[in-house]
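**Q** Given next are the chains, with one letter for each unit.
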Amino acid sequence: METKVTHDKNDSIYGGAEPNYLNASKGILSWMFTIDHKRIGVMYTFGTIGALMLGGVFALLVRLHLWVPEGLLVDNQTYNQFFTLHGAVMVFLFVIPGIPGALGNFALPLMLGAKDVAFPRVNLMSFWLWAIGAVFFVTVLVTGGLDTGWTFYTPYSVKTDTSVIWAVSGAFFLGFSSIFTGLNFIVTVHRMRPKNMGWFNMPLFIWGIYSTAVIQVLATPVLGITLLLLAVERSAGLGIFNSEFGGDPVLFQHFFWFYSHPAVYIMILPAMAIISELMATFSRKKVFGYTLVAYSSVAIAIFGFLVWGHHMFTSGQSAWASLVFSTLTFSISIPSAIKVFNWLSTMYKGSVRLDTPMWYALAFLWMFTVGGLTGMFLGSMGTDVHLHDTYFIVSHFHYVMVGSIMFAYFGGLHYWWPKMFGKMYNEVMGKLGAALMFIGFNVTFFPQFIMGSRGMPRRYATYLPEFQNLHQVSTVGAFILGTGVAVGIWTLFSSIVNGKKAPQNPWGAASMEWETATPPIEHNFHEIPTVKPVYDFSTLKFNEETGNWDRIADTSEDNN
Amino acid sequence: MNLPILSTLANLVQAAQVAVPSDPTAEGTFWFPVQASTLAPKSDWTFYYIYWISAFFTALIVAAMIFMAIRYRYRKGVWDGEESPGHGLALELTWSGIPFLLTIAMWYTGFKSYMYGDTPPPNGYEIQVKARQWNWEFIYPNGAKSTELHLPVEQDVTFVMSSADVLHSFWIPAFRVKKDIVPGRYTKTWVHSTLEGQYTLFCTEYCGKDHSQMMAQVFVEDQATFDGWVAKQANPYLDEDGQPFTPVAIGEKIYGQHCFACHSIDGSAVVGPSWKGSWGTERTFENGDTRLFDENYFKESLLDPGAQVVKGFPPAMTSYRGVFKDSEIDGLIAYIKSLGN
Ligand code: HEM
Ligand SMILES: [Cu+2]
Ligand SMILES: [Cu+2]
Chain W
1 METKVTHDKN DSIYGGAEPN YLNASKGILS WMFTIDHKRI GVMYTFGTIG ALMLGGVFAL
61 LVRLHLWVPE GLLVDNQTYN QFFTLHGAVM VFLFVIPGIP GALGNFALPL MLGAKDVAFP
121 RVNLMSFWLW AIGAVFFVTV LVTGGLDTGW TFYTPYSVKT DTSVIWAVSG AFFLGFSSIF
181 TGLNFIVTVH RMRPKNMGWF NMPLFIWGIY STAVIQVLAT PVLGITLLLL AVERSAGLGI
241 FNSEFGGDPV LFQHFFWFYS HPAVYIMILP AMAIISELMA TFSRKKVFGY TLVAYSSVAI
301 AIFGFLVWGH HMFTSGQSAW ASLVFSTLTF SISIPSAIKV FNWLSTMYKG SVRLDTPMWY
361 ALAFLWMFTV GGLTGMFLGS MGTDVHLHDT YFIVSHFHYV MVGSIMFAYF GGLHYWWPKM
421 FGKMYNEVMG KLGAALMFIG FNVTFFPQFI MGSRGMPRRY ATYLPEFQNL HQVSTVGAFI
481 LGTGVAVGIW TLFSSIVNGK KAPQNPWGAA SMEWETATPP IEHNFHEIPT VKPVYDFSTL
541 KFNEETGNWD RIADTSEDNN
Chain H
1 MNLPILSTLA NLVQAAQVAV PSDPTAEGTF WFPVQASTLA PKSDWTFYYI YWISAFFTAL
61 IVAAMIFMAI RYRYRKGVWD GEESPGHGLA LELTWSGIPF LLTIAMWYTG FKSYMYGDTP
121 PPNGYEIQVK ARQWNWEFIY PNGAKSTELH LPVEQDVTFV MSSADVLHSF WIPAFRVKKD
181 IVPGRYTKTW VHSTLEGQYT LFCTEYCGKD HSQMMAQVFV EDQATFDGWV AKQANPYLDE
241 DGQPFTPVAI GEKIYGQHCF ACHSIDGSAV VGPSWKGSWG TERTFENGDT RLFDENYFKE
301 SLLDPGAQVV KGFPPAMTSY RGVFKDSEID GLIAYIKSLG N
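For the record, the sequence lines run as chains W and H. Quick note: the first sequence, position 71, residue 71 per our numbering, numbers continuous. Quick note: the second sequence, position 105, residue 105 per our numbering, numbers continuous.
Each hint should be verified, as a subset may be incorrect.
As the list claims (entries may be wrong) - List of simulated lysine to any residue pairs, SDA-like, C-alpha gap at most 25 Å:
| id | chain 1 | residue 1 | chain 2 | residue 2 |
| --- | --- | --- | --- | --- |
| 1 | H | K130 | W | Q77 |
| 2 | H | K232 | H | G312 |
| 3 | W | K286 | H | A249 |
| 4 | W | K423 | W | K349 |
| 5 | W | K431 | H | K76 |
| 6 | W | K349 | H | A234 |
| 7 | H | K209 | W | F542 |
| 8 | H | K209 | W | K431 |
| 9 | H | K188 | W | A321 |
Read the hints as simulated data drawn from the structure, not as lab findings.
Generate the whole structure from the sequences, applying the supplied hints.
**A** Right, here's the structure in full:
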């Protein structure tokens, strides 16, 4: 068999002279009205990084204020606004839309060998709804702020005179944005797979994004309606959640968590999806137990709907309801644990390369282990009573939402960045960013576990002096973490200006987005590449001269 | 030199020392405050069970990760790893099955201690807990009210809790009890304290501006001390032998708590007029009216001080409407009378 290099018509692995999706058309309007999934992914990337920085400023203000027991910066009211805006911006504008919007949009159609998502215009709409939601949140900042916590618990959210209506309207738009993204991915995966790519020949990234999409479509409407009811109650005095008008505050909690627990899987499944890609590519091995990992994504998506009551063990819901929720919570922890073991085993007898994305992947394994295992303390009813609404909770969900999800997001960005912008970033700086983030994160959040179980409640603007040492350690960590994030973002963005040109396939990845030019041409592929067995790295050979991994002809057919 | 980084380092060292107290029963442990209730050891048992399992698996995972990242690292020129199976049913069953069995115990012991904490025993001593933005009030069976929580040691105590405004949550870390307080309904929890001492009660459900200041002191006392305290709290006007105060003594006590900052009893003017020799005299007001200092004038001055402002004084007194019982107002009158005219 003749050796055939299967990358695109562009004669060079560096993209050639043909225009790519970034420079195929010019002008701000060509971006604003683009229906190209790659450009939409890029806009989401910039947008969600902006949200991350805004939320990060509030995070640093919160940590700085807690430097001394009586509060360093502001009065209680303003502090309450800081933590609320921090949480709301991070959750609704960064963590939920981040990976699907930025990396899902960019990579998923390419991985399927498709020209775009199923409904490109709906996809554009999804981005603009995100932007409108963001505008609403910024409006909240200037129209009285918000001091309810990101959870909007009633009846406080009905009584406070801050801008609750603006905020819930913003979340409402963001909800639609999320639904549209999910809808698009579901249809895309069902309808636009190449003929000979079966479900079990899909990269695990697609499995993860697909499972996420199912939750987005099914759970988000519940949040939308709940927030709408809250707005009506606030403006018209309708008695739904407020006991003064005959409503029930606990009902709000049920509705809220019916969405927001599945939402934590909207956040983590895409992160897991990235980790599967990174572990496979940088170990040069198919993900160990691929089928089980794929199924476990779907299992998590389904079970995730049935555990919301574990946020309410002390709320006054019946003990028997709590028992059922505790049981289901432990059941769902098993598929999550299995994934960690599978990722680990992927390295076994592999050829492990520690490039920057792999640093993030390995950091993820530690973070998710800590975050997931501390979930056990909370899933167990007896221990949760003591730990609920303390810094232990704060630390738990930061280990998953920041330690795991944000790290996966950064890992994914560092992985696909060369494909997105055609530039390699500085490896040393990339690793420095990852290391600072890892150290900073653990210094920030590990002490919070200890504080929490020793008696430090969450959402406190002032605190007892006995917790000062631990708070100060945490604040120092936060600034290291902030520096790490800044270094990471700087490294990526500066590469656009002064990075080396990226080859078509710099990491030796086996999925299809690496079989087109870097950056990809506007319509992704001139001809759909042939579908190869998923995670088959055996036909990729590193070319020392070009720094590219060339596809060589598959000789396995001759062998068997 | 006082660089922030230096004091931070010092704090780190201190934190490490605080983390390992010399006497765990008095100061708590690395993870917990003292165990001061019958619930605490049960709850902590599950915590430590999960904790050691977590520590084991974390160590295992990190060790495996580091080992494989080194052992199977890419070596220059050798791009491929070794052949190895892509999945292994037995292995996967093992690492699903073992965590499954371990979690059953977490689930079960957690459930047991939860049910223990969630089931108040019958005939417990009952304290009403009233939560509002941003303070606590405790009402005892004999009618005593206080903003501090006092408990008899080694007794079952049930808390019946309600909120006047928004959600609150009742948390005493030393007891490991926590229960939300929901407007529009009553919630209950209970505790059997085992260790005399002073602890803190926190509100741990966000409730607005001063949520972080919504704390109360908790005193666990032996039965006799508690009985004395609660009796005195119900009727603060009893002397050492349980004999009721005279009206003058009642008035004197209230004066010492509420009025002394503005009214003297030696004739000197402070913020307001002195009470010495004022009873029965003619008072002159800012608008020129006059009136006799008698019982009705006293009561009006107390409930509506702004209505008639004594000449030469600022209208600085706030109304005491609803603060005092009739017997207390009588006591104040008797006390002022006793200061002569
Ligand atoms: C998979 C990623 C996860 C994410 C993103 C996540 C996120 C969160 C968040 C945001 C909260 C607190 C929300 C709040 O009160 O403001 C939370 C609480 C909780 N998590 Fe997780 N979590 C994850 C995994 C787990 C796992 C694996 C378990 C258990 C098996 C778990 C059990 C719990 C429980 C029981 C609570 C409620 C604790 C309480 O409020 O008392 N979580 N989690
Ligand atoms: Cu949850
Ligand atoms: Cu509170």
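**Q** Given the hinted pair K423 (chain W) and K349 (chain W), is their Cα-Cα distance within 25 Å?
**A** It is violated: about 31 Å lies between the C-alpha atoms, which goes past 25 Å.
**Q** Does the alpha-carbon distance linking K209 (chain H) and F542 (chain W) stay inside the 25 Å limit?
**A** Distance of about 61 Å is beyond 25 Å: violated.
**Q** Does the structure keep K188 (chain H) and A321 (chain W) at a Cα separation of 25 Å or less?
**A** holds, 17 Å
**Q** Given the hinted pair K349 (chain W) and A234 (chain H), is their Cα-Cα distance within 25 Å?
**A** violated, 76 Å
**Q** Do the alpha carbons of K130 (chain H) and Q77 (chain W) lie within 25 Å of each other, as the hint requires?
**A** At roughly 23 Å apart (the allowed maximum being 25 Å), Q77 (chain W) and K130 (chain H) satisfy the hint.
**Q** Take the C-alpha atoms of K431 (chain W) and K76 (chain H), compute the straight-line distance between them, and say whether it is at most 25 Å.
**A** Roughly 20 Å separates the two Cα atoms, so the pair holds.
**Q** Between the alpha carbons of K232 (chain H) and G312 (chain H), is the straight-line distance 25 Å or under?
**A** violated, 40 Å
**Q** Holds or violated: are the alpha carbons of K286 (chain W) and A249 (chain H) at most 25 Å from each other?
**A** violated, 88 Å
**Q** K209 (chain H) and K431 (chain W): Cα distance at most 25 Å?
**A** Distance of about 42 Å is beyond 25 Å: violated.
In terms of the numbered hints stated before, the structure departs from hints 2, 3, 4, 6, 7, 8, listed from lowest to highest.
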